[in-house]
Amino acid sequence: MKIIIKNGHIIDPSQGIDGVGDILIEDGKIKEISTQHSALSTSSSAHRTIDAIGLYVLPGLIDMHTHLRDPGFEYKETIKTGTKAAVKGGFTTVCCMPNTYPVNDNASVTEFIIRKAAQEGHCTVLPIGAITKGQKGEELAEIGTMRNEGCIAFSDDGRPVMNSLMMRRALEYSKAFNVPIISHCEDLTLSEDGVMNEGLLSVTLGLKGIPSEAEEIMVYRDLSLSKLTGGRLHIAHVSTEGSVKLIRDAKKRGVNVTAETCPHYFSITEDAVTGYDTNAKVNPPLRTERDIKAIKEGLQDGTIDVIATDHAPHHMDEKLQEFDKSPSGISGLETALGLSLRLVEGGILTMGQLIEKMALNPARILGIKRGTLQTDTNADVVLLDMNREFTVEVDRFLSKGKNTPFRGWILKGMPVITISKGRIYEWQ
Amino acid sequence: MLNRKDLLGIKELSKDEINLILDTAAGFKDVLGRDIKKVPTLRGKTAVNLFFEPSTRTRTSFELAAKRLSTDVINFSVPTSSVVKGESLIDTALTVQALGADFIIIRHSSAGVPHLLAKKLRASVINAGDGTNEHPTQALLDAFTIREKKGRIEGLEIAIVGDIIHSRVAKSNIYCLTKLGARVRLIGPPTLIPEEIRGTGVEVFHDMEAGLKDADVVIMLRIQMERQGKGFFPSTEEYSKNWGLTAERFSLAKDDAIVMHPGPMNRGIEITSEIADGPRSVILEQVTNGLAVRMAVMYLLAGVKR
Amino acid sequence: MRGRFFYGVKMPKELMNKKDIDRALTRIAHEIIEKNKGIERLGLVGIQRGGVHLARRLASKIKDIEKKDIPVGLLDIGFYRDDLNIRKEQPVIRKTEVPFEVTDLKIILVDDVLFTGRSIRAALDALIDLGRPAAIQLAVLIDRGHRELPIKADYVGKNIPTALSETVEVHLEEEGLEDRVILEKVDTER
Ligand SMILES: [Zn+2]
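Chains as they are written, first to last, in my numbering: chain A, 326 to 753; chain B, 10 to 315; chain C, 76 to 265.
Excised from the complex, chain A in its bound form (with noise of 0.2 Å):
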């Protein structure tokens, strides 16, 4: 089967490509691409040709932090809805974190995950494997065996590692199988049963907050160990500025660390919990105007290398519950791209930059090939029709989880056609 791509504005930071031209796939992978230097040299007899003129040709995005909730919690997401909800979002590969039931802390859940994902996903899934069994922070998983059954990255996400010393073993150990360690940073007794960000608005709505610290010290906790022991260290959903500072500084000084923000992060305030709207619950919480220009800023200096979704779906009625209640969490594989693209039409990323953050930089971090156009990688391809607004309608959403703070945003920028495992998906 062959497919050819023409005449799209092609953006792929992995080869310095960001000009017109033409792909070709085949047999599901990139045969070649041509830029209009150069045009392609079997253009005359493939099964499919897309025109897309107009359009952006995009490597297929990777979220390196999504909850597929697949085994366990199947009423909030399955593997099936949660990639088709990728996919329509512009991924193509997601990363599922180990907070499943039972808890991805062994190789014959990962080996569960990977063959149901092979048999119902609309997109790749590489799971996340816990760091301690059954995420209590108590002894570590068998991170090896997890790792050859097909886990790329290790993480207790959803809760942090309490116990300094267990992360530092993790930290270390992990060394030995070249994976990273994700850090969910909260440090639980200081954020005890908070609900969201501490301020003046939490006092003033009466909920319990959490300071920004509590995510900071350990942000600061695992990069010293980072430090101490050369482990690869992740930093999830970075959501202040004071986390923005400890990376950058902790990054100059040559600390083995990575770390993503979410959209959210950068999109909207705690003001969005006003009137107690549990669907802007989310945890971290969100912050402040002054934590969004820091997280910009880090996203702009390359402090913050990977925006990912933490794609949380809840089902309704565990959100129509008490604010306190209500469990934490975004929707978010349906609108990340829309809204990380206000981020290049503000003026914060190139339009390469957002690509790199979105689908090169998660792939070098985990260590996979993917996020490129490369010739021989699988094709893994995204068009995105920059002219098309959408408006955001938790109704149409493939995810089972309808729980966002942006219904009713107006956002620019959509995939049309998604090409994912060999598949092409056409949006309307």
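Just so you know, these hints were derived from the structure itself, not from any lab.
Be aware that a few hints might be false.
What the hints assert, rightly or not - SDA-like mimics (lysine to any residue), calculated; alpha carbons at most 20 Å apart, straight line:
1) B/K38 with C/R156
2) A/K533 with B/E205
3) A/K650 with B/H175
4) B/K128 with A/D642
5) C/K170 with B/R156
6) B/K129 with A/M641
7) A/K644 with B/K129
8) B/K24 with A/T529
9) A/K727 with B/K128
10) C/K142 with C/G113
11) A/K650 with B/V87
12) C/K94 with C/V243
13) A/K533 with B/P198
14) A/K644 with B/I99
15) B/K47 with C/K170
16) A/K331 with A/E357
17) B/K47 with C/P166
18) B/K239 with A/D518
19) B/K129 with A/R732
20) A/K570 with A/K618
21) A/K650 with B/E62
22) B/K129 with A/T599
23) B/K38 with C/R169
24) A/K644 with B/T101
25) C/K170 with B/N28
26) A/K533 with B/P199
27) A/K327 with A/Y750
28) B/K76 with C/R156
29) C/K163 with B/R13
30) B/K46 with C/D204
As the list claims (entries may be wrong) - Some chain B residues well away from chain A (every beta-carbon gap over 12 Å; in silico):
31) E26
32) A35
33) D39
34) L41
35) S64
36) E72
37) A107
38) R131
39) G164
40) L189
Everything numeric in this text was worked out from a predicted model, so none of it was measured.
Ideal placement from N, C-alpha and C gives every residue a C-beta, glycine not left out.
Given the structure of chain A, go ahead and fit chains B and C with the ligand onto it with the hints provided.
Same frame as chain A, but now just chains B and C with the ligand:
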């Protein structure tokens, strides 16, 4: 006019709306002083006390207020029994509405529950205390009492003493009294007064004597014993020594200062009996005024606006 | 400009002027004294707001005649209205202040306009909740007809037949206006 379906908090009210409620309450207070303490105003209406947290005082006050207005009252206590059975909050509230409730008076340990339910219900929702957010009718009755005793609220120096961060009474009082033009001072240990609260336009004192100086009104808050275990203060003895209201300390306030307490009091801890039962205590009048204010709120919310 | 009165806006019609009102009240004062054979055990209660001013005026006229004070009370009927469920906005509650024991007194209720009778029904309930008067009589400045309840005034300043589409307004000096009674046609296309 009070053109709203619900009373969720003082935050949402304008100064004019607060004054309208207080003026209307004055009319109801007259009624309470008569032999026949009941008016047919809201005859045929039904009010439901939906209390997810026990509170005999507030519940009784709303119950009596409703009865004085000739409204039928049902007490629907949810002592976690339904919750244990797994019935959701919304389902419980919809059930109560299906009983024909025109007013649903809600007390809940989580902030924002009245707001959540108000969006889902046709009935008027009255917040009778939600977590550490607000307790609007308490603030209104406090303002009513102050206005009655002092003739005004604007320009008064009003001290609120105690566990501010966990107190919905304090929060509602801050919004209410500052909107009415009083100067509000908060007094207590720094662990119980968040720094950010200065953003509401109040003054903060950690020293009781300095904070009480020349105050017109002193509002004492109940100290929760369980805060002690959480490190907010080391012991009730130490708390009492530093922030308890004694006669000696109260003498620092103006000569005609009044003292208030939302109840129930911890005598000998945040307030001595000498003060609580003294001539300048208006604590029992607060209870009576609570009825008048709650009648006024129900009356004003009963207009047709849907 | 002049022509506008011939089309569209209706010219308000004056039914009573200052003199007419004063004469009517003087007459009512005499009738009250006559009917009750003096003012022994008599009290005036004005219905907020217009009735209150009229009750005070009547009290002063009665004093001129009898050289004795007659007690005056103020009654707000807001709590007793029967239209609370259908009004957009709740009526403002004004003061009820009846500074004398109504039980066993003859009470003259005073109102400005008698129309459907519903306000008087509410006032009767309000009054009875204050005690058990020996008798209740009703004095009004205007009776405009259209009764919906079996209520009749004992003393009437002026009977004015009206259409339902018309309104009757009593302006009084106490409210900062010139004393007069006006009939106005309500614009039905409103
Ligand atoms: Zn996390």
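Pairwise hint evaluation, B/R13 against C/K163, where the allowed Cα distance is 20 Å at most: OK: C/K163 and B/R13 at ~11 Å, within 20 Å.
Restraint status (C-alpha distance of A/K644 to B/K129 at most 20 Å): With a Cα-Cα distance of about 14 Å, the restraint between A/K644 and B/K129 holds, given a limit of 20 Å.
Non-interface claim for B/A107 versus chain A (Cβ beyond 12 Å): Non-interface label on B/A107 holds, nearest chain A Cβ at 18 Å vs cutoff 12 Å.
Pair hint outcome, B/K128 versus A/D642 [Cα-Cα no greater than 20 Å]: Distance of about 15 Å is within 20 Å: holds.
Satisfaction of hint between C/R156 and B/K76, Cα-Cα up to 20 Å: Roughly 17 Å separates the two Cα atoms, so the pair holds.
Check on B/L189 being off the interface with chain A, judged by Cβ distance over 12 Å: The assertion about B/L189 holds, with a minimum of 18 Å to chain A.
Straight-line alpha-carbon gap A/K533 to B/E205, limit 20 Å: Roughly 13 Å separates the two Cα atoms, so the pair holds.
Given pair status - A/M641, B/K129, alpha carbons within 20 Å: Cα-Cα ~14 Å, so holds.
Non-interface claim for B/A35 versus chain A (Cβ beyond 12 Å): Holds, since 29 Å exceeds 12 Å.
Distance rule for B/E72, whose beta carbon must clear each one in chain A by more than 12 Å: Non-interface label on B/E72 holds, nearest chain A Cβ at 24 Å vs cutoff 12 Å.
Exclusion check [B/S64 not at the chain A interface, CB over 12 Å]: Holds: least Cβ distance 16 Å, greater than 12 Å.
Holds or violated: C/K142 to C/G113, with C-alpha atoms at most 20 Å apart: holds, 11 Å
In summary, the structure agrees with every hint in the numbered list given earlier.
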